[in-house]
Every structure is written in C-alpha cells, then in structure tokens.
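Starting from the given sequences, assemble the full structure and let the hints guide the process.
Residue numbers (full-length UniProt numbering), protein chains in the order written: chain A, 1 to 503; chain B, 1 to 503; chain C, 1 to 503; chain D, 1 to 503.
Keep in mind that a hint or two might mislead.
In this list, chains with the same sequence are indistinguishable; a pair is considered to hold if it fits within one copy or across any two.
[To be verified] Heads up, simulated DMTMM-like pairs for lysine to aspartate or glutamate below, C-alpha to C-alpha not over 20 Å straight-line:
(1) K429 to D441
(2) K81 to D220
(3) K343 to E320
(4) K397 to D372
(5) K366 to E320
(6) K116 to D147
(7) K397 to D313
(8) K400 to E218
(9) K496 to E457
(10) K343 to E438
(11) K397 to D220
(12) K397 to E218
(13) K191 to D168
(14) K133 to D168
Think of the hints as simulated: they come from the structure by calculation, not from any bench.
Remember, it's a predicted structure, so these values are computed and weren't measured experimentally.
Number of protein chains: 4
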Amino acid sequence: MEFEESGIGEECGVFGCVAAGEWPTQLEVAQILTLGLVALQHRGQESAGIVTSNGSTPPTYTTLKGMGLVSTAFKPEDLLKLKYGNLGIGHTRYSTTGISELQNCQPFVVDTLHGKIAVAHNGELVNAAALRKKVMRHGVGLSTSSDSELITQLLALTPPMEEVDTPDWVARIKNLMTETPTSYSLLVMHKDVIYAVRDPYGNRPLSIGRLVCIWDKEGDTEGWVVSSESCSFQSIGARYHREVQPGEIVQISKHGIKSLSVVPRPEGDPPAFCIFEYVYFARPDSIFEGQMVYTVRQRCGRQLAIEAPTDADVVSTVPESATPAALGYAQESGLPYVEVLCKNRYVGRTFIQPNTRLRQLGVAKKFGALTDNFAGKRVVLIDDSIVRGNTISPIIKLLKEAGATEVHIRVASPPIRFPCYMGINIPTKEELIANKPEFEDIAGYIGATSVRYLSVEGLVAAVQGGIESCGEKEQISSRTKMSKRIGHCTACLTGKYPVELEW
Amino acid sequence: MEFEESGIGEECGVFGCVAAGEWPTQLEVAQILTLGLVALQHRGQESAGIVTSNGSTPPTYTTLKGMGLVSTAFKPEDLLKLKYGNLGIGHTRYSTTGISELQNCQPFVVDTLHGKIAVAHNGELVNAAALRKKVMRHGVGLSTSSDSELITQLLALTPPMEEVDTPDWVARIKNLMTETPTSYSLLVMHKDVIYAVRDPYGNRPLSIGRLVCIWDKEGDTEGWVVSSESCSFQSIGARYHREVQPGEIVQISKHGIKSLSVVPRPEGDPPAFCIFEYVYFARPDSIFEGQMVYTVRQRCGRQLAIEAPTDADVVSTVPESATPAALGYAQESGLPYVEVLCKNRYVGRTFIQPNTRLRQLGVAKKFGALTDNFAGKRVVLIDDSIVRGNTISPIIKLLKEAGATEVHIRVASPPIRFPCYMGINIPTKEELIANKPEFEDIAGYIGATSVRYLSVEGLVAAVQGGIESCGEKEQISSRTKMSKRIGHCTACLTGKYPVELEW
Amino acid sequence: MEFEESGIGEECGVFGCVAAGEWPTQLEVAQILTLGLVALQHRGQESAGIVTSNGSTPPTYTTLKGMGLVSTAFKPEDLLKLKYGNLGIGHTRYSTTGISELQNCQPFVVDTLHGKIAVAHNGELVNAAALRKKVMRHGVGLSTSSDSELITQLLALTPPMEEVDTPDWVARIKNLMTETPTSYSLLVMHKDVIYAVRDPYGNRPLSIGRLVCIWDKEGDTEGWVVSSESCSFQSIGARYHREVQPGEIVQISKHGIKSLSVVPRPEGDPPAFCIFEYVYFARPDSIFEGQMVYTVRQRCGRQLAIEAPTDADVVSTVPESATPAALGYAQESGLPYVEVLCKNRYVGRTFIQPNTRLRQLGVAKKFGALTDNFAGKRVVLIDDSIVRGNTISPIIKLLKEAGATEVHIRVASPPIRFPCYMGINIPTKEELIANKPEFEDIAGYIGATSVRYLSVEGLVAAVQGGIESCGEKEQISSRTKMSKRIGHCTACLTGKYPVELEW
Amino acid sequence: MEFEESGIGEECGVFGCVAAGEWPTQLEVAQILTLGLVALQHRGQESAGIVTSNGSTPPTYTTLKGMGLVSTAFKPEDLLKLKYGNLGIGHTRYSTTGISELQNCQPFVVDTLHGKIAVAHNGELVNAAALRKKVMRHGVGLSTSSDSELITQLLALTPPMEEVDTPDWVARIKNLMTETPTSYSLLVMHKDVIYAVRDPYGNRPLSIGRLVCIWDKEGDTEGWVVSSESCSFQSIGARYHREVQPGEIVQISKHGIKSLSVVPRPEGDPPAFCIFEYVYFARPDSIFEGQMVYTVRQRCGRQLAIEAPTDADVVSTVPESATPAALGYAQESGLPYVEVLCKNRYVGRTFIQPNTRLRQLGVAKKFGALTDNFAGKRVVLIDDSIVRGNTISPIIKLLKEAGATEVHIRVASPPIRFPCYMGINIPTKEELIANKPEFEDIAGYIGATSVRYLSVEGLVAAVQGGIESCGEKEQISSRTKMSKRIGHCTACLTGKYPVELEW
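Structure, rendered in structure tokens:
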C-alpha cells in the first residue's frame, strides 16, 4: 500500500555531508546534499531544506528551503546559492500534524552566544511537554510546536559547568541526551563540524558513508556523509561505512570521523530500534544492523507462509512494497509467483466529488488487473500491512470481478493497535481496523476469502534471527548473540513502550 | 527503461464517453473522461484536454485544456465547468517536436458550416506534407504544424457531392480516409454523436467499452466509452466490448454503438498494427487483438530464453516494464527470478551541472542495488529495449560494483534501426545504438558480459502465435487463422513500411 | 473612474517595429516590442503576445504569448527567445467576452500557400457574422469566435485574380477591406514587411513613429514603429511621425515606410474615429488628429464649465483620469482647483464576502478623503464619465461624511445610451444608468447635490474645434476646415452608427 | 519619486482590531484586518501577515502569512481561515536587508510560560546588538536577525519581580521599554487584549480609531482599531480617535481602550517623531499630531516658494507624491499649476538587458510628456526629495526634448546626508547624492537649469508651525505651545540623533 493511503507516515529523513579536500567541490557538496535528500524522499514529502556552511570563523551559513518534493522545492538557480559550503546538512519532512508550513521546514538555524548552529532532526521527544515547560520557564519563547525547535533551544540554553569562553557543543549535546531518552537521530552543524547523534535507544536509524574517489586515486576517501538510510549512499558514489550506535555522538569533519561518546541507556534496558523501519518505512536497499531490509521482508514472507499456509493456485503482491514478502511466501510455500496487479504510475490527485457513484470504483484508477494471470484461480495476495482496511477492499473486488475464484489476504506484519509517540504518524486508535468491531470478521469486512496476519513473534524472529526452514542455522546462532545487543520497539503492535511515558 | 530516457515516445491517447441515460450524470461524464485520460497518461504527459457537448441543437461545447499531467492540467474547480455535457472526448499528448505549447493541446474544436466539431487524434499522417499543401491551396490558413489541425480542416473543407443542407459527417470522414491511408485513431464529436475511426491499416489501437450499471439494474448498459487502450475501462467501471476494426467507422451515441462503414485497404495489403504497442508503449493490462499485452511480453521473454539461453545463476528485470519478459525468461530457462534493482519512486528532475563528476554516477539516483540477492552471482538482466544504449550502462556498472560476477543483457525486442513516420517519436537514425559502429561490440560498449536481442521473427511469433513450448497448441491453430486477418508494422525494426512513403 | 469598475473596455492595442540597420539589434527589437506593449497596457490587460520574424526566405517566426500584464506574461528568459528577429508585431488584449484563454491571445500566425503571416488586430468587424458564414461555406473551420482569426483566414483564402505564383498581400488586404468596412486597425507581418492598415472609416487609431539614433549620428533614422497610440513612442526613443490615414495601407520595412493605397469610403460618408478614444481610452499624452488627448480633455472641462456652471467653493477631480477636465473646469469657472481624494496605489483585489456590512463601505478602500481641503465647502467634482452609476455614489458619501456641504457632479462626457459594435465593450443597454428609470433623478440616486453632463454638441465641439472662450480663434478656423476631413463616431451617445448594421 | 527607485523605504506598517460586540463579526474582523493592511501597503510591500485570536482561555490563534502585496499574499480561501477571531493584529513588511523570506514575515507568535503572544513591530532598536548579546547570554537561540524576534524573546524572558502565577504583560512591556529607548511602535496581542505601545521618543506613528456602527444605532462604538496611520480608518468605517502618545501603553479590548502607563523620556529630551513620515512615507490623508500630512506637504511647497522663488512660466509636479507641494508652491508663487508628466499605471518590471542602449531611455517608460502644457515654456518642477539623483535626470531630459526651455528643480525637503538607525532604509552614505562631489554642481549633474532644496529650518517650520504668509496666525500661537510638547527627528538631514548611539 502507499504511504498516503495507509495513513502511516515517517516523520523525516536527515542527511549530512562533509568534503575532506578539493573534491567534492562546493558545488558538488550542494548536489550531494540534494541527491541524498532525493534518496530519502520516501521518508518525507512535505518540505525539504538544506543548510551549508563555509566552515570559516565565523562561519557563513546558506539556507535553502521549500515546500514539496526536493525536485519541486529546490530550483536549479536556488542550488547555486548553496555552492559556498564545504559541509552541510539537509532534511526532508513528513507532515504529522496537517499544518504544512514553511516555518516548520528544517534544518533550523539559531544564533547563540557561541555562534550559529544548524539542526536537523528525525524523531519525536517522548517527554516533549515537560521539556517545553522547562525551557519556557527559563524565559524562552517557542515559535513552533516542533520538537526540533525545542532541541535547538535546549542546545542553546544549557551551558555546562566547564564551558567558559569557548563553546563545548559535545557537553551540550550530552546534556540534552540526559534530558530526553528518545527518540531522535540528530545532525548538529557548527562551523566546520557535524555532530551525528542517535538517542540511547537507537529508535531512529542513522548511518555513515564514505565518499570515495572515482578518479585519480580510486578508492581514496574524499569526504563523509551521514544519512537516515544507507540507500542514499549509492546515488552519490559513497560506500556504506557503519551505523551510528545507539547513544553515540560522532563528530564528522574534514579530518574524518571520530566517536566522541556513547551515552548509555538505563541499566537493563535493551535498545529499541523501530521495527516498522524494516516492515514498512525504509527503502528495501537500505541496511540496518547488518542486514538488507529487502531480505528481512522476504524472511517475513517465508515466516508468514509457515504460520499461515494457504490452499491456493498462485501467490502475488500488492505492488510494490509487498513484493519481497510475496516472493518469500512463494519460495517457502512452493506456490508459483505471478503478478496480478499493474500499477498506473501516473495516478495523481484526481478530483472525484464525494457523493458520486464513481467513488465506489476507488482504487481501480490506481491498479489494473492482469486478468490472464489469475482468472479462474485461487489467489494468495500478500500485503505488507493493513492499517485502516479501506484500500485493500477495492483491490479484492477488482480481482474477483476479473475472475479470481478466491482471494486470500496474507499480511506480512502483525495488526497495528497502539499509537506511536516516537516519530511515527499512526491513525488514531479508533481508526485502526484492528481496534474496530469489524476486525472480528475482517475477511468478511474487506471481502476476502480469508485473512491472516504475521504474529509478533514471527516478525521479531524474521527481523532478529532468520528462520530455520531457510537453512540459515549458522547465522541464527550468531544472531542470537546479537539479539542481546539488539532489540526492537514493537510498541505499536504490543503497547509495550521502551520508556515509561509521562503525561 | 523509462520512456523519458530511451527517447521513444508515443504521440497520444484518445478517450471518449457517451452517457446513455440518467447515469452517468453530467458531472460523472466529466469525471469518467478525466479518469480515462489518467489511465492513458503513459501515452502522453505533455498536455491534456477535454471537450464535452450537451448534445442539444445547436450544441454547447465546453473545453478544458492544460499543460502537464492530467492531475496538474485540470484543477478541481475547472472540472466543474465540464459538467454540462452528456458526452465528450479527451486527449493526452506526448510532445514529439519539443515545442510544447497549449495551442497544440487537443481536442481541437472548429466551427464549420454545419456547426462545431471536436477532434482528438492519435497517429501521424504519412502524406501530411501533400495534404497541407492541398488544404492551403484551397485558401485555408493553418495555425499549427499539427496533423490533427490538418484533419479538422480536411473534415471542414471536403463537402461530398451528396451533402446538401444537412451535414454528412460520415461521408466527410470516409472522404478523409481515402485521402490518407494511415496512421490515425480518431474521435470526431458532433453534437450528440462520437465517431470512432481507425485507419485502414489499423496502425494505432482503439477499443470500445460498455459502462455497466453498478446499482439498481446491475449489469445494464448505461453508456459507452472508447479509448486508445482498454486499460482505462477498469478504472471507470466499464467492460471491454471490442476493438474498432482497421478502416472502421463506429458511431457512438446514447442509442448505442453502430458500425457505419469499413474502408478497405488496397488489395493484398495486410493490416499493420504497430508491434511496439505490444513491446513497449501499451500498459500491460490492455488488450489488443484478443490478447493481454502482459502475456505477449511474457511470451517474448520465453522466446528470448529459447533464442538466447544463458549460463547464469539468476534472472532479473530492469523494473518495471521488463518484468513480464523477465518472468517469462525465468519460466522458460528454469533459472530463479530475483529482484536486483529497487526503484526510487521520487526521482524527479534534479539539477546536476553537466561538468561535474557526479554526472558519472548517472542512473544510480534512480535505482538502488538489492545486493544480497545477487552478490557473487551471474545475473541475466532482461530489458525491454535498448534504444540509445546510454541508460543500461550505468545499471550494469551498479550491479558489478555491488558484486555481480557477470551481467548478461537480454533484450526482449529486436534492435530499432529505422525511423517511424506513423506516430512514434524515435531518435534520429544516427542516435540509435543499432546504427552506430559501437553496436559491433555492444557488450563491450555498455560494459556487459554478453548482449543478445530477440529476433524479429521471434517477436512476430510471440505476438502473433504464441510459442509451442508454452503448451498453447490449441490456441496456435486459431491464431494462425487470425494471422491472415492480422499483421503488424515492424518498420522501425525492418525498414519495411506498410505504405509507400512520399516525400 | 477606473476601467475595471465602469465596465467600459477597449479591445486591444497593437504595436510593430522594424529595424532599419544594425540598430536596434535583434535583442533590442524584442525589448522595443515589449516596451511598446507596456505603454499600450491601458488598452488591454488580459493577455499579451509578440511574434518576431528574422526576415529571411523562408522566414522564421518566434512567438511569445502569455496571460495577464506584459510584465507577468513575459518572463526575462522568455524574451531571449525573441531575440532572433529584425522585425515583429505585438498585441495586448482586453477580454470582451469573459472567456479568457490563451488561444485567443494575438498575434495569430497562420501558414498559407505563400508562407506564414502574423496578424494583430484592434477593432471589431461590423459584418462578422456574414463573413464567418462565407468563410465556412468555403470549407474553412474556425477555431475561435475571434474576428482576428476571421481576418487571417480571409487573408489566406482570398486569392486575387492577378496573383499567380508570388503572393500579392496588398491585393489580398485590399480585398479584405472591400469585404468589411470597419472597424480595424491591423498589422500584417509577412517575412520582412509589416503592413499597417486602418479601416476606411478610421474607427480605431494607428500611428507611425521613427526610431531615432541616440548615438553616433544623432537623429538618423534607425527603424520604424507603428502603434495604436503615439504614447508608446517616447518610452522607446521614437519620434511621432504621422497617423495611418483612414483606409490607408502602409508598408513598413527596413527600407522605410511607403503608402501603398488608400481604400475609399462610400461617397459622402465622413470618417468615424471613435470619440471615446479622446474621452476615455487613450493615454493623455497620445496624439490623434494632430492634437494631444490631454488638451482635448481639458477643453471638455472648459466646455462643461460653460454649459454647466456651479455655485460652489472648489473644483476637484476623481483621480486620475478626470484631472485634465477638472483643471479645465477650474480655469474656465475661476473656482480654485484642489485635491479632495487621495488614491491608494496598492488596492488590488481584496476579497470581501458579499453579504457583509463592509460591502457598504465599498470604494473607500480605494480613495482617502483629504479632509482639510474641502471640509465645510461646496465641492464641484468632475468625473470623465458615469456609466453604471455605482462607483461615484460611495465617493460622494465619503466626501459628505468628511465634511463637504454640497457635492455637485459634473461629467465631462455625455451619457452613454447605446451599444458599440466596433470594438468597445459597453455594458448592456439595461445596465447603463442613462437608460434606467433612476436616471430621471440621477442626483438623488447617487446622492449628489446636483448632476450635469456635457452635451454631445459640446463634446464634438471640444474634440473638433476648440472653444472660443479659450482664445483659440485662429486654431478654430483651421480646425473647421479639417472637420470636413475629420468626423467622429458618437454611436454610443447618439445611436447613429457610421455604417448600416446587418443582422 | 517612487519608493523603489529612490531607495528610501519604511520598515513596516502595523494594524490591530478588536470587536466589541456582535459586530464586526469574526469574518468581518478578518476583513477589517486585511483592508487595514491594504491601506498601509505603502509602508511595506514585501510580505504581509495577520494573527487573530478567539480570545478564549487558552486562546486559539490563527496565522496567515504570505509574500508580496496583501492582495497576492492572502487568497480568498485563506481569509476564511482567519474567521474564528474576535481580535487580531497584522503587519506589512518592507525588506530592509534584501533577504526576503517568509520566516521574517510578522506578526511573530511565540509560546511562553504564560501562553502565546503575538507581536507586530514597526521600527528598529538602536541598541539591538547589545540586547541580542544579552538575550543569547541567557541561553536563548535567535532564529533571525530581526529586531522583532528580539522583542518577542525579551518579552518572554524578562519576568518582573512582582509576577508570580499570572503573567503581568504590562510590567514586561515596561521592562522592555526601559531596556530600549527607541524606535518602536508595537502591538502585543495576548488572549483577548492588544497592547498598543509607542516608544518614549514617539519615533514611529501609531493611531487609534473607533469602529462605528453604520446600522441600527448609528454612531455607537462597535470596536477599536489601531494603526500605523489613520488613513486606514476610512476604508473600514472607523473614525479617528487619537494618537498613542510617546511612551504610552494603551490596552485595547472589547471593553474599550485604557491608557495603562506612560514611560517617560530622560529629563530634557524632546520627542523625536520621524520628520520623514511627513515628507515622504505617510499617505497624504493620514493625520499626525493633529494635522493632515497633505496640508504639511502643501506648506512645505509654500515655504519652498518663499525660500527659492523662480522666474518661470509654470509650476508642475513629479506625480504623484510631490503634487501637494507643487500646488503649494504654485499658490505661494502665483505661477500657474499645470501637469507636465503623465504616468503609465501599468509599468511593472520589464527586463531590459543592462548593456543595451535602451537603458538610456530609462524612466521614460514610466512617464509620458504632456507636451502641449509646457512646450516653449520655463518649468518649475517640484520633487519631494532627491536621494540618489538618478531618477530625476531622465525626467528632465524628457521634458527638455519635449520642448521645455528651462527646467528648474525645487525639492520640497532638505538633502539627506546621514544614515537612519531607527527604521528607515536609506542608501549608504556614499550613495547619497548630497555626499558626492557631484553635489557641488547638482544642477549640471542632473541636467537641470537650477536646483534648490528646502532648508531644514523651513521644513521644521512647515511641519511644526505653519507659515506666516499662509495667514494661519491664530493657529501658529497654539502650535508654538504645542511645539514644546512636540519635536522631530531630523537625524538623516542633520546627523543629530535623538539618543546616543552605542556601537
């Protein structure tokens, strides 16, 4: 399903770049930042922004912001403005509140006693309300309801003891991290340095890449990039280096990368990387915790085939996000994989008045049925998640009208039942199909022959350990060990939040 | 490969709708026309236009035109303007000349002695130059270089003998058809009637659908639609009815559809439906000559596997258009099908200055490599066509860098070598890779381990007859008969044009 | 009163330019055309268009069109496109029909047997309906309801007897002029020549200017311009040369200007230059028939003071168009001239919902009262025309509330009572205040102490002869002679049309 | 001269409105705010913003902001958003820095410990640098370089001693006023109250108006408005009430207006209302210190006639701002007043490449010469100020070419020689013509026959006292008394700043 329809949305993507030497040139830094944001576009389409710094003392910052996709927000002539920077950070934003305004567009730049800092943030502070009060009690006025503005003011406000004349941004960042446990992946730029920060629970992703020379000294390091997802590295000629660890502060400058500190979690707390990054948000070619997202989704499909086998003729996908799970299901079940839906790439907003019969036809403008591939057959249709239940229903109708004798829905993730307070935009509890009375007879409600979901345990296993039947035994033992170090937030499925929520 | 990059482009899509009774309402007619064009958007993204008629005497026509995609060109408030029509025709345009202006946007409406007609046209007149001269010699000034304006003026100008006071549009259309053999699929609206016309060679497609009641009397006919491709029928709740035959004039009104005439080809000339509609242009869920385009493409892939088998580990696709051929190749060859490329849905125009090293990275912003699926393996990569050779090259590089040991390119169509004069925008002969010296060592040129194309005979067989190994024997015999009635234009592959070209 | 509010509108302005030598350069020709249209902007604000020709054989034409003011319609980068032309014509359009579409934007370019011509037209053909029928009977389809398209098709269609191989555009233009007597001022560009044409009645204005060298050989001729109004000459460094005479065809090329022909009126018919060009439309610094428009308006004010003297304290104006008449009235009456209204230059469209009390305040957002200048005084307020009567009323209210003891309205033109069929957009007969019952007590209706209009005779005298009391005796005798050669259309005031109207 | 060309610019206009009862409705409050800003548009055209409050506890604020003129910035549908407010404040902004961004658009809204406040500001803080440092030292990050953001943070930050649980905004405002002496006219909205504040020197204007019932109980108070200039009152049906006094804090609520405090200036300091508000910025129908701006300008013209009499034939104006001075000069000198220039209302930005000869023609596209009114005559041309000297020069050339035998420039204000630090955007000292060597022979430089400026004493006399020769003797005595209470900032003319400047 598409993000827009399912109503689940990621908050943001962040991206940073530092040139190490002559290459990339200043113009290329601007282009790398742009391409990096394009590759993170799936994490936010509302607005985009870039701030570059020339790195001198005092630094000159150049800001470029706009509404919409990167390609809309930045015009070619605008990009030229950015060219006077050797380093920079960028941000793509997903609107969580419906208030879509340029003033919420990140990165935020504020002038402080120690010069200007620029901040780009992905996540949501669990204790934002208390922090806002604290900041305002100190006499600071806040212009937006954004957590990211709050973070910039906290960084400006908290002077650590030992700071006398020169600013100690690392101490300030650590201070911030003790004030708020999660969730944030953060880029803080000051003068000629970018600090890449991940909250102690590692709830949001953040990866580092190395810009590699493609000319004279092929393979030499020519700069560093940092990104919400590693999928952005290929498009700019960077190599995956490593993830920023939960709680870690990494300093990135033209001299290289340097781990400055790792702020620990409370004793006994496991990390809590958002499991829905695997299931849903991330681009399939991104790598988290050493594994490719596509592969995890394929394992989810295999696990689903084990948990919810089906007596049917063909397996298919709701393109495009469910395809790895569908291929996994096909592999595991032995059923042939075929395509049953063809997507119209050009569907935009078309304006159908609400009270017309055409509303009934709904999703059909988005998909066409590949009739010959399934007419007269029993179809297993894999979807990656069913959130509200209103988009899968017309697809089922379409397939049945085109001749499918049975349509079995298999969902490659468990039902979502609880709100997220850590950066994901989930419909209200009441809107979630899993909390409605209709969920009792979900198959009847959406018109399917049968409906089955992946179990929470199955999902965690697929994410954390691989599945026995895959013949990945050796891997499993090592993964089991890793699972002590790893751990995932499944709050939206289980209601178990990684930290206690204050109200 | 995407249309934009390959440089091959369809000229247009046409769509018409007539309401038979109360339903669809006038507002819904406007919406059906809009949705119909959205479903034909792949045939042209430059501009869109709709003209509706209220059907009365004299008729009132309402016109809506705009640049860009349907969703951009028509604003919600604009659509309300269209609501006073019981019938209408629409058009999406692909820019063939680079001159992108609103005045070229169809349908064209002209006032004639017998009232206004509206015309939507897909195709290109092979004898346009001679016809222009003829029209101008008669004293008509032509505002555009468009064949479609030429057609409207020819319809206005040619009064057949028998026409006295009332207009005889059918005679005028027949007259036009004797003046120009190909290529055109044409919708001519006058007052309360749409004439759907296909040239005698049937070079461009045109299908009729029936609007079906989804309420009181389920299944009853409530109107008629006509479209370049049947893929647009599902999205508006219409059922595929039949194709307009080569040379046929079909009258569509609220009283139903009526075949008025079939203008014959010169004795012995076979029909010449454009084979590239199957290979490339049409949406996979469209139906031509009784067969689904997806199925034909799959057969092309199977045929390719027979003609060009490969010693490799996995088969994959350049998403998304080559996927059916890749699945066919996998089926026939027995090699496993995997996905190796992940597409960034949000790539728009990003502005990379030409003289920077980032240019080198090229296509990578559009695709990500799904490394785990092919690292250390020999990959057969299926593409639907290679026109210029400049887009496949960076993909191969991407796969090799990500660990593919061999990358064998298999192209599910023969090399394009000749220009098209019948509505397809093909690069100049010099730009076509198949005409360049580099084609001698095409594999070396694009960096592939090996390159093989489907043969012309193989393509024709896949299109016309199915393949024995598919176990479609029964079908084949019937198809063989059909092949007497059918026939395809392969001019861009063979240089054999269906009619003699005048210069 | 502003055009927008009064509901009277001019159809268009036309402008042409031919470079004689090296200067103006091609880029400057484009700029001269743009500046020329800016100076004619008061004649039409709906759309603007320019076509330039490089003058070669065959010529290359470049077209630039856009909606809105010249400054909106043409972007800087667009203007560069025009730079490859040594000559060109332009057009600004006023929407007369409410249908505001780019396809009505002039100049029109059509391809004919003898090459492309471009046409720009100001006026309206009195026998348009009959001509349309004639053209369509010949088999020509017309795309718009525009008279200007009709003119282009008539030019394309009418091959004069003597024309064999080479086109005889002059014969074609003459032919056109015999088919339609009025009204048109026309620019026809073909290859390297512009034909400037005025209809036999001279209903619409057209003047020729000489581009003068401001460099090396100061004063030398460097090109020619032709314009609806001479006010456009100053802004481009041109000198007023002369008017195109009624019925005259002037050929303008790099070799200079040449009068080719003067098509006569029917015996006994006087010329019929639109008197409202003086009263209302033209810019005050334009020159018609040897006199400056401002001076004529001032004479109207003096004549008004003679016809309708007032016992009052001060004379003032509704800025800005009535100011010359007000100054004339003050001079003649001996009353002091003061300003009572101050205009807000920035009033744009602000959106006041119709059913609120703010509507009552109406015009006040446009004008402020300069209270000190008239509080406690009796004011004579001069307006140039009262068309609907709905805009002067709130002004009177404003002045009274600010302390004027009496407000006497004196209108420097007679009441408009009849429609115009020659290019002016006048409200329907029913909307004209002069045709309403309320006109009986117009003063009471609009809230004035008294209302008086200039007489038709007074207006004609002011336009044609000057006024004795001005001490212009010598001038008068010469003007009386001229009045045999001159004559004015007063149809909207008197119902006497210069030609018989066919229906 | 136009603002844009002269390079002098006002910073902003502020406007507020509180409804007292049922009328104005919430929708009308939004419209009154819009119309109020339209009437202040001459004070700033870069951006516009409005914030309304519903007045409840806690209040809901609605914000609307946009770039450009009010009519561009606010779309009709946007205004509907504002309709849920009984009170609100608005702002129009003039770009002083060249950085034109939406984030600088006022009013600023910040959330504080005691709820949200909205602030609109006109002026510039003389000690901004020191205050910024102070605020940042407290740990506040500043997002913009705007003084207005600084003010909002100072209001948020400074908790006065006596404030315990409930906020004491008045004490906070007083506190602010002790921190910074000038210049600011300020509107601070909190919940259901607007505080209207003028700095102790009264450098920027601020007036209060009373919304008057125009229906049932005609004349009853229905609300209150506050505005930079009283010219905005007429357009919304408000009556001028009084000015906010220097140093005064006026509370405006639905219960009426209440003077809360007057913060005094240092002993002996006179007030310092900007004299250029009279000369240049304000709309002529605005009232400051009991006198209409138009009348003051007329007095400047009379004084100029006394100081700089001319032997000439006619007096005229550079329309439109110099007209009152020109009429005053004509009255005093006895020379006849005529119009010599006609303005093209439609001149927008037209794009003339810098290196073409058309540049030479410059201002001519903006003005036409009314030749008949001055050809062969000696002209006195009144201008309101000459700042850079580059715009008057082409006007003089235009008049001379059109036949003026002499052109004497008389400037109705003294030469500007010094920078302003209190809110006016003046060109750099080097750019000011009065500081250039060319000023020695300014007449020669600009091509005039002679040039004379009004003296500083003459300007002050015209502003403060009226002139004896006007026969305003009685007034003068009262004005002389008033002059003890009044006083004006003439820093840009004399270099004498009202407060000592810190650096």
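Each hint tested on the structure:
1. K429 to D441: within (18 Å within a copy, 61 Å between copies)
2. K81 to D220: For K81 and D220, the Cα distance exceeds 20 Å both inside one copy (29 Å) and across copies (46 Å).
3. K343 to E320: both (9 Å within a copy, 10 Å between copies)
4. K397 to D372: Close inside one copy (16 Å), not across copies (36 Å); limit 20 Å.
5. K366 to E320: both (12 Å within a copy, 15 Å between copies)
6. K116 to D147: both (19 Å within a copy, 17 Å between copies)
7. K397 to D313: within (18 Å within a copy, 38 Å between copies)
8. K400 to E218: Between copies, since 16 Å is at most 20 Å while 56 Å is not.
9. K496 to E457: Classified as within: same-chain Cα gap 14 Å, cross-chain 63 Å, threshold 20 Å.
10. K343 to E438: Neither, since 29 Å and 36 Å both go past 20 Å.
11. K397 to D220: For K397 and D220, only the inter-copy Cα distance (19 Å) is at most 20 Å; the intra-copy one is 56 Å.
12. K397 to E218: Between copies only: 15 Å across chains, 55 Å inside a chain, cut-off 20 Å.
13. K191 to D168: within (13 Å within a copy, 39 Å between copies)
14. K133 to D168: between (25 Å within a copy, 18 Å between copies)
Of the hints listed earlier, those the structure fails to meet are numbers 2 and 10, in rising order.
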